[in-house]
Structure formats: structure tokens, C-alpha cells
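Order-wise, the sequence lines are chains A and B.
According to our numbering, the first sequence is numbered sequentially starting from 4.
According to our numbering, the second sequence is numbered sequentially starting from -9.
Honestly, the hints are just simulated from the structure, not real lab data.
Treat the hints with care, as some may be off.
[As the list claims (entries may be wrong)] Okay, the calculated beta carbon distance ranges per label pair:
(1) B:Thr81 / A:Arg40: 27 to 35 angstroms
(2) B:Glu320 / A:Leu35: 15 to 23 angstroms
(3) A:Arg293 / B:Arg312: 38 to 46 angstroms
(4) A:His231 / B:Ser42: 48 to 56 angstroms
(5) B:Asp35 / A:Ala106: 45 to 53 angstroms
(6) B:Arg165 / A:Pro52: 39 to 47 angstroms
(7) A:Asp95 / B:Gln70: 24 to 32 angstroms
(8) A:His231 / B:Met(-9): 45 to 53 angstroms
(9) A:Ala385 / B:Arg(-6): 29 to 37 angstroms
(10) A:Thr76 / B:Arg165: 42 to 50 angstroms
(11) A:His231 / B:Glu(-5): 51 to 59 angstroms
(12) B:Met(-9) / A:Thr94: 54 to 62 angstroms
[Claimed, not checked] In silico SDA-like pairs for lysine to any residue, Cα to Cα no more than 20 angstroms straight-line:
(13) A:Lys249 / B:Pro203
(14) A:Lys249 / B:Lys34
(15) A:Lys249 / B:Val278
(16) B:Lys34 / A:Pro52
(17) A:Lys65 / A:Ser93
(18) B:Lys103 / B:Thr81
(19) B:Lys246 / B:Pro203
Heads up, the beta-carbon is just placed ideally off N, CA and C, and yes, glycines get one too.
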Amino acid sequence: MLILIGKAYLVLATAVLVAYTIRHYIFALNRLFVRSRGGFQDLQDSQPPRVSVLIPMHNEEKVARNILDALLTCDYPPDRIEIIPIDDRSTDGTYEIVSEYAARDRRVRPLRRTEGIGGKPAALIDGIALTTGDILLVFDADYIPARGLLREIVAPFIDPEVGAVMGRVVPLNCGRNLLTRLLDLERSAGYQVDQQARHNLRLVPQYGGTVGGFRRSAFDAVGGFDPHVLAEDTDLTFRLTLGGWKVVYSNRCECYEEVPERWTTRVRQIRRWAIGHTQCFFRHIGRVFRAPGLRFWERIDGAMLLGIYMIAPLLLLALLDSLFLFLLGEMNLTSSFLVLVAVLTYNTVGNFASFFEIGTAVLLDGHRQRIHLLPFNILNFALSIVVVTAALIGHARNVITKRTTVWQKTERYRQATPQPEAKK
Amino acid sequence: MSIRELALFGLVAAGFLLPLLWGLRELYFPRDQAALDIDATYTKDDRFFARSFRKRIESVCGVAPRAEGLREVKLMRPEQIFTTRSNHEVTRGNEPNAILDVQGDLRLYDGVKLGREASVLGAAVIGSDVSVVALTATGDIRLGERVRVERWLDSDGTIETAASCDLGSRATASRRITVATGTVFQIMAAPLIVAGGTPAIAVRHESGGELTPLLNFVPRRRSWIRGDGAVICEGDFELPEGTTVEGDLVVRGSVKIGGNCRVHGSLHADGNVLLGARSRVTGSVICVWDVRLGEESAVGEHLVTEARARLEDRASVGSYGRVTTLLAAEGVEIAPGATIHGRIVTMGHGRVL
Chain A
4 MLILIGKAYL
14 VLATAVLVAY
24 TIRHYIFALN
34 RLFVRSRGGF
44 QDLQDSQPPR
54 VSVLIPMHNE
64 EKVARNILDA
74 LLTCDYPPDR
84 IEIIPIDDRS
94 TDGTYEIVSE
104 YAARDRRVRP
114 LRRTEGIGGK
124 PAALIDGIAL
134 TTGDILLVFD
144 ADYIPARGLL
154 REIVAPFIDP
164 EVGAVMGRVV
174 PLNCGRNLLT
184 RLLDLERSAG
194 YQVDQQARHN
204 LRLVPQYGGT
214 VGGFRRSAFD
224 AVGGFDPHVL
234 AEDTDLTFRL
244 TLGGWKVVYS
254 NRCECYEEVP
264 ERWTTRVRQI
274 RRWAIGHTQC
284 FFRHIGRVFR
294 APGLRFWERI
304 DGAMLLGIYM
314 IAPLLLLALL
324 DSLFLFLLGE
334 MNLTSSFLVL
344 VAVLTYNTVG
354 NFASFFEIGT
364 AVLLDGHRQR
374 IHLLPFNILN
384 FALSIVVVTA
394 ALIGHARNVI
404 TKRTTVWQKT
414 ERYRQATPQP
424 EAKK
Chain B
-9 MSIRELALFG
1 LVAAGFLLPL
11 LWGLRELYFP
21 RDQAALDIDA
31 TYTKDDRFFA
41 RSFRKRIESV
51 CGVAPRAEGL
61 REVKLMRPEQ
71 IFTTRSNHEV
81 TRGNEPNAIL
91 DVQGDLRLYD
101 GVKLGREASV
111 LGAAVIGSDV
121 SVVALTATGD
131 IRLGERVRVE
141 RWLDSDGTIE
151 TAASCDLGSR
161 ATASRRITVA
171 TGTVFQIMAA
181 PLIVAGGTPA
191 IAVRHESGGE
201 LTPLLNFVPR
211 RRSWIRGDGA
221 VICEGDFELP
231 EGTTVEGDLV
241 VRGSVKIGGN
251 CRVHGSLHAD
261 GNVLLGARSR
271 VTGSVICVWD
281 VRLGEESAVG
291 EHLVTEARAR
301 LEDRASVGSY
311 GRVTTLLAAE
321 GVEIAPGATI
331 HGRIVTMGHG
341 RVL
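Please put together the full structure from these sequences, using the hints given.
Below you can see the structure in the form of C-alpha cells.
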């Protein structure tokens, strides 16, 4: 019986992995050979909607000035924008910096949080209560928006179908070390290929919680953020999608960010994403298949997007399972030539599907030499499997023991006003 | 360990290391580690090319009034600029092989082929069958029949074309563009764009009468109300003639709006959109397939389609005092009398019927 369960699990795991493999290839091939869907990038409006820009900050003195300077020099009409830095119990000089800008410019309306639940979703909830804009834009504090970015992000909201817009995140400090270079490749694939292909194919692009925004009326209609969800962006993506809105991705809305330079920071980041995403999985997976107004492929893509972090434990368990079956003498795969061919083919094509996405993204971005770093992504891949699995086990323990999972802030590394590293 | 085992071990180790070698080289001797380039100062400006061209002229020749004569300058590459201090005329066969810098009015006679850009501090009158690369003028620009612009045309005043002109990739003006029958274009931008040469008139609409809930017109079993009050219709949608409705509408099929209707809101359609004669949508219209605005119909804000758009006689997009966009990815046709307040953009062919 145990062996039968083990074999059934292996078949299930393989089927899921094959489905994700196909998905990766569809996205990469779409980006390579299909013209991108026209967006709203050529749209201009002399009377854009009133926007509120929210910047959650917790100990962000290293980066606070950069984002405030960038936002204050943007080309958005001054009478139609308000900037709300939310100081979430900082212990450094963040609030002093923010106050200095508020004294200098009426567009800056800071909020200081000293109590309540910590973390970005809770900070945003308090910040949004102060806003007067029709469109709410959110930036993390380490981002540096370009002068014309806000207009680009806001443009798709003329469409009554659109509930949220997501732009492209570009690592600024990508040349620091191996980790930042691998994260640069990962971000390229995630936005240039994955998000854009989902937009092209009318699937479910994800609102990523930064370099993007959402419609105030839609946000209110779906009930706002839940402070207990660590991935408030994924949660909002699905609540909007299930509520009848669409999330659109705009590849031209590019914005620099700072990626983690230490593996420990990266581990914390993955942990947060994994737990947050899994919370969303259990909240929304049922409704993805039941909600009205979604196309068949939107439901499939939505389910796969929600389940993306479940792949790590699934894969790890499948590896242990196959080892278990092998030791029991139940893995006689090599006795069948056809099965051997299938396994080899999958190893060649399937396991590297996500790498194919990265290669496609690098090609589309016009880079060349950085693709040589691709084999090192095995490190990132292996780390993610272990960290995500550990995070999900830890989260399950927290759920059972009713402990609250706390928000963990990403460390910043910036020293001075940043410039993109010179081309070599 | 025997030599054979050692060799086998070495071979396996090399097999693992081989894919990493180039990566190690890139890691320690980086050739491609710069962040993706984002222009932090970029901001949308339809008249960017013309403004930039004028600035370049000023940077190499000085601000007006400039001395007359031929200059050898370096722009992107070594160039010649021919500067005049007063009005200038070019006849066929006497075209200068230099950038024209006219500090007065410019007149290009029929059949002239101007092979270089021209900057005019005054008005420009261009005869029939003329070909120009790019032209910017501080005054009005008038084009004769069959004028062909290779790149862009820009005026601080108005642009007026005769029949069958080709406006190149971009025509921009600060006041008005009037385009005649047969004119083709890709991007036009001006506070008022009028097709067919007739003066812009206010589009009048017959009232649609009593305000009726949108839900009365959508099939009950295939429609629902979204959290913000917008109506989602899962099939095609048709609005009978003379109806007035309020609210945003998202349709998963095609939309047909009868004559003399009013929709107080915006409209999204996954199929085609047909707006009947003298109907009006106060917000924006966004559709995936073709859109057709009937005679004297109007869209109050933006009109965006991933396919083609056609504006019939005296149809209009946008409203006075606001820059809005008619964006038709695959092409746009506008009939005489149609008006657009702001911009028309197409990646395909734009044509005045």
C-alpha cells in the first residue's frame, strides 16, 4: 500500500512538473515569436487622474532621500499627486528625513506609525486611510522611479476593466556579486518573459506590490488589504481578478530597485514570499475555479500562479519518494528503454524550462555575456527548494500552534546616491 | 586510487565544471554586468524631435538672429547648415544639399526634393509633389497636394494639408492640424485635429431621454454587477436607439450602440464596437477588435483599440481643452469632418477618407 501511494505521488508530482514545464515554454516561445499585445504606452492625457503614492518605510534612511527626490521631480501634474511616506516604527533617521521633505513640499504628507501590527500590509492600510487619490500607487523605499514613470503606470486605468497595473522591476546593484547577478537574471525572466507573456496571452499577470498601482474603487470594493497576509500583492491580484477586474503588466514602466546582496537577506525574502503566497493559495484556490467571468486558461494560469511555491516541497518530497522507492527496488525505470528516453528528455528539456525563460529574457534585453552565469542558477534553485520547504513547514507549525508569522524587512545596502553601474 | 579511476574522476569533475567555466570568467572578469539602462529623464513629448533639432541648430549656430551663409558643423556627423536671414524660396533643381535654417518664411515650389531637414523661423508654404525629410516651423505650415514627408513635420501654429499628402511618421502642431482627403499618417498630435478641411464644429446630440439602468439591456443570465457598480456582460451587448444609460460597462463580446444613445461612463469590449450615429460615450472606449464611430457620434475621452478604428463623418474623440488619444494599433481611417482633440497614434496606416 505504501509503495502504491509512493508511486501515485510520483506520477502526480511528475504531471505537475510537466504542466509547469509546458507553461514555461509557452511563455518563452510567446515572447520570442509573437508580437506583444499593444498596451497603453502611447496614451497621453493632459488631465490624468489624481494619484496617491504610498511608500512604506521601516528604517530606510539609506534610501529614503532617493525615492522622494525622484518622485518630486516626476512630470505628473503637481496638483494631482500626493506622496505619502509611511514611517512604520523606524528607529533610525527615516522620519526626520521624511519630515524634512514634508516641510519643503506640500505634496509630501507623511504618516508615522508607532503601534499596531507591523509590516507592509498593515502600514499600507493606515496610509491608504489618508489618501485622496483615485489611483493608489505603491513603491518600496529602495525604488527610484524615472521622471515619466507615473504617467505610464496610470495610463491603463482609463480602461474600466483594469483594476491594477504592474511595471517592471530592474535591479540597480546587479553587478555587486554572484547573488545580485543571479537575481538580475531571475528578475529579467520574471518580468520580460513571464509577466509580459501572461499579459499577451490574457492570463493573470501579477500585481507585485511595487512599481504599480490599483484603482481606489476596486480596492475598496474587494475589501482592502488583510494585515495578516504577508503577500498582500498576490492577495490583491487574486481578489481583483476574482472580483471582475484585470491586472495588466506594462513592460515599459521600468524602475530600479535594490536586490539583496547577502544570501541571508535573500533567504528571508524567499521565506516571506513563500509563506505569503501559500496563504493566498489556501484563500483563493477554490474560488479560482468557481468565480464567474474567468476564461478557462485564466483559471489554469491563476491556479498555477498560486501554487508556484508549492512546487518546492512537492519536488523535494518527490526526490525523497523516488529514493525511497529505489531503495525498495521499485524504481526499475532503466529496464524500459522508452522510460529511460522519457526521463532523459525531461532532464534535458523539462528541468531547464525556467532557464530557457531566463535565456529568452537576456536575449530580449539585448544582453549577451551575462547568460554565461546561467549554470550558477542551480545554486539559487537548490537554495529556493530548501528555504521554501522549510518556510512552509514553519508556517504550517505556526498555523497549528496559532502563532503569528511576522513580517521580515529586507536589508538595504545603498551608501550614496546611486547611479547605474557603468557599462563595461 | 588507480590511474584509470583517477582519470574517470577527472573526467566527471571536468564534466561538472565545464558549464561553469564561462560563468566563472564572467563573474571574475565581468563584461556584461551593467544594469538595464533606464532613461531617468525620459518624459513623453510628441514634439521631441522638432525641439531637439532646433536646440541642435542653436547649439552649433547660436541663437537667432544668426549670420547668413553656409556653415560646416558637427552634429551627429559632419554636416552643412545653410542659414538665411530673411524669407527663402527653393525651386526645383536648385535644392541645397545642406540643412536649411531659414530665419523668415520658407516657400518650396512644386516638385522640389529637399534632401535634408529644415528649420524655419516663420511660416512654410510647400507646393505640390514636394518631398521633405523633416521640417519644423514657428509659423503655420501649408502643404500642397501629394507632399511627402519622410520623417516628421512640426509647427508652433497650424498645419494644413491638401489632398493625398504623406505626413511621415509624425506631424505635430501647437494649435491645429487640418488634413485633407487621401492624407496618410502614423502619429498626429495637436489640440485639434480636423479631417477633410472643414472647420471644426460642435457635435450636437439628440438627448437619449430618461436615464435607464444598464442592467435592463444586458442578458440577465450572462451578466453581473462588479463591486464598483460596473456591469460585466459575458456575451455581446446591444443598446437600442435613443437610450441613455449610466455606468461603466465591460463586455466580453461585441458592442453595438444604436443611434442617438448616451452612455455616461466608459466602455470596454473584447470584440468589436459600433457606435451609432449621433451617439455619445462620455468616458473612454477600449476594445480589442475594430471600432467604428458613426456619423456625428462622439467619445468624450480616449479611444483605444488593438485593431483598427474608423471615424465617420463629423465623429469626434476627446473634448476641448484636454489632450486625449485615439490609439489604433493596426490602422485608422477618418472621414471628412471628424475631429480629434489631442493625438492619433497608429502603428499601421492612418488615412483620411
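These are the hints, each one checked on the structure:
1. Here the CB-CB span from B:Thr81 to A:Arg40 is close to 49 angstroms, at odds with the stated 27 to 35 angstroms.
2. Distance hint for B:Glu320 and A:Leu35: a CB-CB separation of about 22 angstroms, consistent with the stated range 15 to 23 angstroms.
3. Our hint of 38 to 46 angstroms for A:Arg293 and B:Arg312 holds, since their Cβ atoms are close to 42 angstroms apart.
4. Between A:His231 and B:Ser42 the C-beta distance comes to about 52 angstroms, which sits within the given range of 48 to 56 angstroms.
5. At roughly 32 angstroms, the beta carbons of B:Asp35 and A:Ala106 sit outside the given window of 45 to 53 angstroms.
6. As the Cβ distance of B:Arg165 to A:Pro52 is approximately 27 angstroms, the hint placing it in 39 to 47 angstroms is violated.
7. The beta-carbon spacing between A:Asp95 and B:Gln70, approximately 60 angstroms, falls outside the hinted interval of 24 to 32 angstroms.
8. Judged by the Cβ atoms, the range 45 to 53 angstroms given for A:His231 and B:Met(-9) is violated: they are separated by roughly 58 angstroms.
9. Separation of A:Ala385 from B:Arg(-6) is about 32 angstroms and conforms to the stated range, judged on CB atoms against 29 to 37 angstroms.
10. Distance hint check: the CB atoms of A:Thr76 and B:Arg165 are about 30 angstroms apart, inconsistent with the given range 42 to 50 angstroms.
11. For A:His231 paired with B:Glu(-5), a C-beta distance near 58 angstroms keeps the hint of 51 to 59 angstroms intact.
12. In this structure, B:Met(-9) and A:Thr94 meet the distance hint of 54 to 62 angstroms, their C-beta atoms being roughly 58 angstroms apart.
13. Distance restraint check for A:Lys249 and B:Pro203: the Cα-Cα separation of roughly 24 angstroms exceeds the 20 angstroms cut-off, and the hinted pair is therefore not satisfied.
14. Restraint check for A:Lys249 and B:Lys34: the C-alpha separation of about 26 angstroms exceeds 20 angstroms, so the hint is violated.
15. Only pairs whose Cα atoms come within 20 angstroms are accepted, and A:Lys249 paired with B:Val278 is accepted, the gap being roughly 14 angstroms.
16. Between B:Lys34 and A:Pro52 the alpha-carbon distance is near 17 angstroms, which keeps this suggested pair within the 20 angstroms criterion.
17. Between A:Lys65 and A:Ser93, the direct Cα distance comes to roughly 12 angstroms. Compliance with the 20 angstroms bound is thereby established for this hinted pair.
18. Pair hint B:Lys103 plus B:Thr81 holds up; C-alpha atoms about 9 angstroms apart against a cutoff of 20 angstroms.
19. Taken as a hint, the B:Lys246 and B:Pro203 pair is honoured in the structure, with Cα atoms around 17 angstroms apart against an allowance of 20 angstroms.
The earlier numbered hints that this structure contradicts are 1, 5, 6, 7, 8, 10, 13, 14.
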